[in-house]
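Let chain A serve as the given structure and place chain B on it in line with the hints.
There are 2 protein chains.
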Amino acid sequence: MTQPFAFNLKATDGTARLGEVVTPRGTIRTPAFMPVGTAATVKAMFTEHVKATGTDILLGNTYHLMLRPGAERVARLGGLHKFMRWDGPILTDSGGFQVMSLSKLRTLSEKGVVFQSHIDGSRHEMSPERSIEIQCLLGSDIQMQLDECVALPASRAETERAMELSLRWAERSRTAFKAMSQPGAAMFGIVQGGTEPDLRHRSARALAAMDCEGYSIGGLAVGEPQEVMLDTISATVPDLPAGKPRYLMGVGTPQDILLSVERGIDMFDCVMPTRAGRHGLAYTWDGKLNMKNAAHADDPRPIDPLLDAPPARDYSRAYLHHLVRSEELLAGMLLTWNNVAFYQALMAGIRASIAQGRFQQFKNETLARMAVKAKSE
Amino acid sequence: MTQPFAFNLKATDGTARLGEVVTPRGTIRTPAFMPVGTAATVKAMFTEHVKATGTDILLGNTYHLMLRPGAERVARLGGLHKFMRWDGPILTDSGGFQVMSLSKLRTLSEKGVVFQSHIDGSRHEMSPERSIEIQCLLGSDIQMQLDECVALPASRAETERAMELSLRWAERSRTAFKAMSQPGAAMFGIVQGGTEPDLRHRSARALAAMDCEGYSIGGLAVGEPQEVMLDTISATVPDLPAGKPRYLMGVGTPQDILLSVERGIDMFDCVMPTRAGRHGLAYTWDGKLNMKNAAHADDPRPIDPLLDAPPARDYSRAYLHHLVRSEELLAGMLLTWNNVAFYQALMAGIRASIAQGRFQQFKNETLARMAVKAKSE
Numbered sequence: 004m005t006q007p008f009a010f011n012l013k014a015t016d017g018t019a020r021l022g023e024v025v026t027p028r029g030t031i032r033t034p035a036f037m038p039v040g041t042a043a044t045v046k047a048m049f050t051e052h053v054k055a056t057g058t059d060i061l062l063g064n065t066y067h068l069m070l071r072p073g074a075e076r077v078a079r080l081g082g083l084h085k086f087m088r089w090d091g092p093i094l095t096d097s098g099g100f101q102v103m104s105l106s107k108l109r110t111l112s113e114k115g116v117v118f119q120s121h122i123d124g125s126r127h128e129m130s131p132e133r134s135i136e137i138q139c140l141l142g143s144d145i146q147m148q149l150d151e152c153v154a155l156p157a158s159r160a161e162t163e164r165a166m167e168l169s170l171r172w173a174e175r176s177r178t179a180f181k182a183m184s185q186p187g188a189a190m191f192g193i194v195q196g197g198t199e200p201d202l203r204h205r206s207a208r209a210l211a212a213m214d215c216e217g218y219s220i221g222g223l224a225v226g227e228p229q230e231v232m233l234d235t236i237s238a239t240v241p242d243l244p245a246g247k248p249r250y251l252m253g254v255g256t257p258q259d260i261l262l263s264v265e266r267g268i269d270m271f272d273c274v275m276p277t278r279a280g281r282h283g284l285a286y287t288w289d290g291k292l293n294m295k296n297a298a299h300a301d302d303p304r305p306i307d308p309l310l311d312a313p314p315a316r317d318y319s320r321a322y323l324h325h326l327v328r329s330e331e332l333l334a335g336m337l338l339t340w341n342n343v344a345f346y347q348a349l350m351a352g353i354r355a356s357i358a359q360g361r362f363q364q365f366k367n368e369t370l371a372r373m374a375v376k377a378k379s380e
Numbered sequence: 004m005t006q007p008f009a010f011n012l013k014a015t016d017g018t019a020r021l022g023e024v025v026t027p028r029g030t031i032r033t034p035a036f037m038p039v040g041t042a043a044t045v046k047a048m049f050t051e052h053v054k055a056t057g058t059d060i061l062l063g064n065t066y067h068l069m070l071r072p073g074a075e076r077v078a079r080l081g082g083l084h085k086f087m088r089w090d091g092p093i094l095t096d097s098g099g100f101q102v103m104s105l106s107k108l109r110t111l112s113e114k115g116v117v118f119q120s121h122i123d124g125s126r127h128e129m130s131p132e133r134s135i136e137i138q139c140l141l142g143s144d145i146q147m148q149l150d151e152c153v154a155l156p157a158s159r160a161e162t163e164r165a166m167e168l169s170l171r172w173a174e175r176s177r178t179a180f181k182a183m184s185q186p187g188a189a190m191f192g193i194v195q196g197g198t199e200p201d202l203r204h205r206s207a208r209a210l211a212a213m214d215c216e217g218y219s220i221g222g223l224a225v226g227e228p229q230e231v232m233l234d235t236i237s238a239t240v241p242d243l244p245a246g247k248p249r250y251l252m253g254v255g256t257p258q259d260i261l262l263s264v265e266r267g268i269d270m271f272d273c274v275m276p277t278r279a280g281r282h283g284l285a286y287t288w289d290g291k292l293n294m295k296n297a298a299h300a301d302d303p304r305p306i307d308p309l310l311d312a313p314p315a316r317d318y319s320r321a322y323l324h325h326l327v328r329s330e331e332l333l334a335g336m337l338l339t340w341n342n343v344a345f346y347q348a349l350m351a352g353i354r355a356s357i358a359q360g361r362f363q364q365f366k367n368e369t370l371a372r373m374a375v376k377a378k379s380e
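Just so you know, the sequences run in chain order A and B.
Counting from 1 along the first sequence, just add 3 to a position and that's the residue number in the numbering used here.
Counting from 1 along the second sequence, just add 3 to a position and that's the residue number in the numbering used here.
One chain only, chain A, in its complex shape (with noise of 0.2 Å):
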């Protein structure tokens, strides 16, 4: 029989919770960090790398497969697990977020969205229930309902409008998965309101209403300061089933991630740590470090000595230093799996300080010696 989907809670210290995902292709450890494989790769990293930082999933996103290689075809080749070899948890996008960042000549309706390829100008339509055949065919475990993320600042009336049609969308979307979902797969609705906490309300409440597996809070970090990111989650978690999983989409920085845990959040995604390894900087207890300084030129010592991944400790960070001043592939390589290995670390290290009631010391020290670092840099 499939292991059904399930989110256990095991403990709580304040609003922060310690929990575990249960899929049928295993279990993940919240509060979860899942890097993106946009385009079905970890960008610069083999899988195995990935799973040895303590990666228990993985996000696809559904934009850029459906337009390459194409979700039929990676139907046909066995689903998006065998094909970029990762047989933990994938959760994917709806796709609607890219489609409206990078597609070209978009048209949208109550149907819909009508887009133009960034890649070769072909034309494809996007509607809820697409999306789901979409993410089905990649054979994705998480799901996410299409929606509609509009940008901030937006007017109260346009919010509210993308709102309510989000919510049209997250029923159709319902609709849809439960009629083509394989067993034990799950669909996340997205609370959407901008900034407007009655609307988050509102939006909360009607997706709590439909009984998804787990709940996603879409719309933040497009740009507003970190305080009112943090003031819409506190304003919109209290509407969520504790017994469900929250994920919020598209976040962020260490610092993000400690104050959100704070508020109650158990699943995160960004392309920061992979984007940042590819651009010559190392994520670190203290801060990032810009490799490409000529103040690491001759430095013998190790990223991070402590951090139990061979490109922290094995590798000096003189040759990290000249490996991107040449522009060698080999810096991106090192530096991405640096990143996600601390990206990992401090997960680890928040899951353990809930587990015994040391949260807030563990937050504080932590944003202290980032921020501490990030000054004398």
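Hint data in this document are derived by calculation from the structure and do not stem from the laboratory.
Any given hint could be a false lead.
It does not matter which identical chain is meant; a pair holds if it fits inside one copy or across any two.
Claimed, not checked - DSBU-like cross-link-like pairs, simulated, lysine-lysine; straight-line CA separation at most 30 Å: (1) K295 to K54; (2) K54 to K85; (3) K295 to K107; (4) K291 to K85; (5) K295 to K85; (6) K181 to K85; (7) K181 to K13; (8) K114 to K181; (9) K13 to K54.
Remember, predicted model here, so these are calculated numbers, not experimental data.
Positioned in the frame of chain A, the structure of chain B alone reads:
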């Protein structure tokens, strides 16, 4: 006591030779292929994976390393092996070839070459003595004399002048090497003389009298027809001491290697497998596959299930095609690894066939298989 440098000839099959080069850092099985690690990295590969392909020795480029990160800096950081995390032997070229092909505003004299860096325009001097000094600072196990490699075609007079200059530089290199090198290190003299058999004879005999640890054949694979290259090898090898290793610089395709081993060559280096990997090409026993071709888009087969290397065995051609089309870094990572693994499998096949006295059969079957498939591609 430091293991002295040695060459042990273990078997011959016609003119083809099976042997081993023994160095303080390990034994090199010959015929050997040396992947190129230009700037202290085999591009897009972890050294652990390079080692796992059966690679016994890497090549480093003195010209690149002296300019960035700098030989004195590498020495302060503990040497090239520690810097790049490769504990096996490293062979370095003299830097001369790339001074002539990459640098700006070169001035050649009896003393050496003055040139400007292609990176930042800084002025540098390269003499036979400085080249050896740099190679010693890097900690190179097998060092090359500085020589002058003229571009082909060249006049006989120009070829002779450069060959004679290279012989005088060999003497100076030898003196410097004896004064500066670590125990167990080796210095190879480089035979020049273009495609003039009598000049090659004179060069080889004069170098043999210097009792170098090994001998390189330089100035080939610079644009001449393969037949001319092979004839020049055949004309040169008989003048080289049978008890010393013979290294054909910068060669080549699998076909070049098979035909050169047949003529008595023991060591090779070439950027082809690594460069091709970054350009979407996969070497196989059936020739090169261009993974960008649409023919691979739906092909679930691996590149080669019998090649004992993860990139050849564990990923579908469809996935590799997708990665190449999407310009993902993982494409270059996997195809480079596949290609180095293929080259090492080719060398292992060559060595086994010499040991069993069936080199001709192995060579003919391999050439036929590659040629047939090359036509049908």
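With identical chains treated as interchangeable, where does the CA-CA distance between K54 and K85 reach 30 Å or less: within a copy, between copies, both, or neither? Cα proximity of K54 and K85: in one copy and across copies (15 Å, 27 Å).
At most 30 Å between CA atoms: does that hold for K181 and K13 within a copy, between copies, both, or neither? This pair counts as within: shortest intra-copy Cα distance 28 Å, inter-copy 69 Å.
Go through the copies and call it for K181 and K85: within, between, both or neither, with a Cα cutoff of 30 Å. within (24 Å within a copy, 57 Å between copies)
Homomeric proximity label, K295 with K107: Cα distance no greater than 30 Å: Intra 35 Å, inter 26 Å, cutoff 30 Å: inter-copy only.
Check K295 against K54 for me: Cα-Cα at most 30 Å, and say if that holds within a copy, between copies, both or neither. Both: 28 Å inside a copy, 28 Å across copies.
Are the CA atoms of K114 and K181 at most 30 Å apart within a copy, between copies, both, or neither? within (19 Å within a copy, 81 Å between copies)
Could you figure out if K295 and K85 sit no more than 30 Å apart (CA to CA) within one copy, between two copies, both or neither? between (37 Å within a copy, 20 Å between copies)
Since the copies are identical, ignore which copy is meant and state whether K13 and K54 lie within 30 Å (CA to CA) inside a copy, between copies, both or neither. within (23 Å within a copy, 44 Å between copies)
My question is about K291 and K85: at a cut-off of 30 Å on alpha-carbon distance, are they close within one copy, between copies, both, or neither? between (34 Å within a copy, 25 Å between copies)
The structure meets every hint from the earlier list without exception.
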